[in-house]
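2 protein chains.
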Amino acid sequence: MNKILIFGHRSPDTDAITSAITFSYLQNELGKDTEAVALGKPTDETQFALNYFDTKTPRVITTAAQETQEVMLVDHNESQQSVPDINKVKVLAVVDHHRIANFQTDNPLFYRAEPVGCTNTIIFKLYKENNVEIPKHIAGLMLSAIISDTLLLKSPTCTEEDVKAAEELAEIAGVEMETYGKELLKAGTDTSNKNASM
Amino acid sequence: MNKILIFGHRSPDTDAITSAITFSYLQNELGKDTEAVALGKPTDETQFALNYFDTKTPRVITTAAQETQEVMLVDHNESQQSVPDINKVKVLAVVDHHRIANFQTDNPLFYRAEPVGCTNTIIFKLYKENNVEIPKHIAGLMLSAIISDTLLLKSPTCTEEDVKAAEELAEIAGVEMETYGKELLKAGTDTSNKNASM
Ligand SMILES: [Mn+2]
Ligand SMILES: [Mn+2]
Ligand SMILES: [Mn+2]
Ligand SMILES: [Mn+2]
Numbered sequence: 012m013n014k015i016l017i018f019g020h021r022s023p024d025t026d027a028i029t030s031a032i033t034f035s036y037l038q039n040e041l042g043k044d045t046e047a048v049a050l051g052k053p054t055d056e057t058q059f060a061l062n063y064f065d066t067k068t069p070r071v072i073t074t075a076a077q078e079t080q081e082v083m084l085v086d087h088n089e090s091q092q093s094v095p096d097i098n099k100v101k102v103l104a105v106v107d108h109h110r111i112a113n114f115q116t117d118n119p120l121f122y123r124a125e126p127v128g129c130t131n132t133i134i135f136k137l138y139k140e141n142n143v144e145i146p147k148h149i150a151g152l153m154l155s156a157i158i159s160d161t162l163l164l165k166s167p168t169c170t171e172e173d174v175k176a177a178e179e180l181a182e183i184a185g186v187e188m189e190t191y192g193k194e195l196l197k198a199g200t201d202t203s204n205k206n207a208s209m
Numbered sequence: 012m013n014k015i016l017i018f019g020h021r022s023p024d025t026d027a028i029t030s031a032i033t034f035s036y037l038q039n040e041l042g043k044d045t046e047a048v049a050l051g052k053p054t055d056e057t058q059f060a061l062n063y064f065d066t067k068t069p070r071v072i073t074t075a076a077q078e079t080q081e082v083m084l085v086d087h088n089e090s091q092q093s094v095p096d097i098n099k100v101k102v103l104a105v106v107d108h109h110r111i112a113n114f115q116t117d118n119p120l121f122y123r124a125e126p127v128g129c130t131n132t133i134i135f136k137l138y139k140e141n142n143v144e145i146p147k148h149i150a151g152l153m154l155s156a157i158i159s160d161t162l163l164l165k166s167p168t169c170t171e172e173d174v175k176a177a178e179e180l181a182e183i184a185g186v187e188m189e190t191y192g193k194e195l196l197k198a199g200t201d202t203s204n205k206n207a208s209m
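Chains A and E, in that order, give the protein sequences.
To convert a position in the first sequence, counted from 1, into the numbering used here, add 11.
To convert a position in the second sequence, counted from 1, into the numbering used here, add 11.
Since the hints were derived computationally from the structure, they do not count as laboratory data.
From the three backbone atoms N, C-alpha and C, an ideal C-beta is built for every residue, glycine too.
Careful: at least some of the hints might be erroneous.
In silico DSBU-like pairs for lysine-lysine, Cα to Cα no more than 30 Å straight-line [as the list claims (entries may be wrong)]: (1) 136/E <-> 101/A; (2) 101/E <-> 136/A; (3) 43/E <-> 139/A; (4) 136/A <-> 165/A.
Just so you have them, the derived chain A footprint on chain E, three or more residues with Cβ under 8 Å [as the list claims (entries may be wrong)]: (5) 104-110; (6) 114-121.
Please put together the full structure from these sequences, using the hints given.
The structure is reproduced here in structure tokens:
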């Protein structure tokens, strides 16, 4: 049986890359055999977060069906934002904070969407619900995604739940949120290939 | 501002009717102004459960847009199973245990699907996550739906989570599961308009 692949959307932003990593860690703790991969290279902002929290950059895939039968999607659901052969694999789970469109399955699945500012805010709740401890580097990656998607908690999409999660995650990650957040966003401003969508 | 309407699928089974009632009670406890309605009359089985737990039969609607702008869907998501003018209203939330198809939104929403035997098993978890106490009659209706959808925990779709929920709910509802379950299913066998889908 092959590993279940977990990935975010094409032209990945920090939430897309890190939510694959943080959701994969959770799934593996719960007994599944999963691997976080990506549909593109990390931006400079994302790479800054990965380096800061000493995390391996996920490998980039261009097909899923050639190596697995089962996938989990994070930070997206629309097929045109997903792996090109998404219709050839079974989607076991989705965790997302976007509208639902161009998505369908043949079988019941786990789908968790909430109208919050960041996918990692939902994944943070899933750790709590499943009583799985959040390691320091995972907390740092989740925090980075929330900072990125909500522009340091200032975007109109930011909710109370994002703020609460970010505060708790900063503590676990051992960083001062404002200081780290400004460094992270600054690292992203140098890049030209940054994806505008969150 | 009009009430948010909550309803299950057309040709409603016990899960469709009761999950609207149990999810509406939860939403109201959380501060929303919602009403549970139905897309059809209850079957004899469902009416037995409503009578047993002293609960008003939800009124039947044939349109949503004429009285509200916002709805929540339970026990279904596909538009052809929903209210005919579903595309004229905003779907705020979905709680379901079926595949996802023919469903799309313009905005982010709350979507909670799990591959379990009954929508009420998921709603049971939502009460726990939100620390809302389950009243006796709500527990009885949830239990009735689980018994109905899983044929007294014997269907292939029944999961450990359904069993766990049913046991706890029987205790809150103050009924012996086997005895009550057989009475409930027997009440349903007299009807000719029972919907085969669960
Ligand atoms: Mn995101
Ligand atoms: Mn994103
Ligand atoms: Mn059902
Ligand atoms: Mn049903």
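Practice problem: Could you check the structure against the hints above and give me the numbers of any it violates, in ascending order? | Solution: As far as the earlier hints go, not one is violated by this structure.
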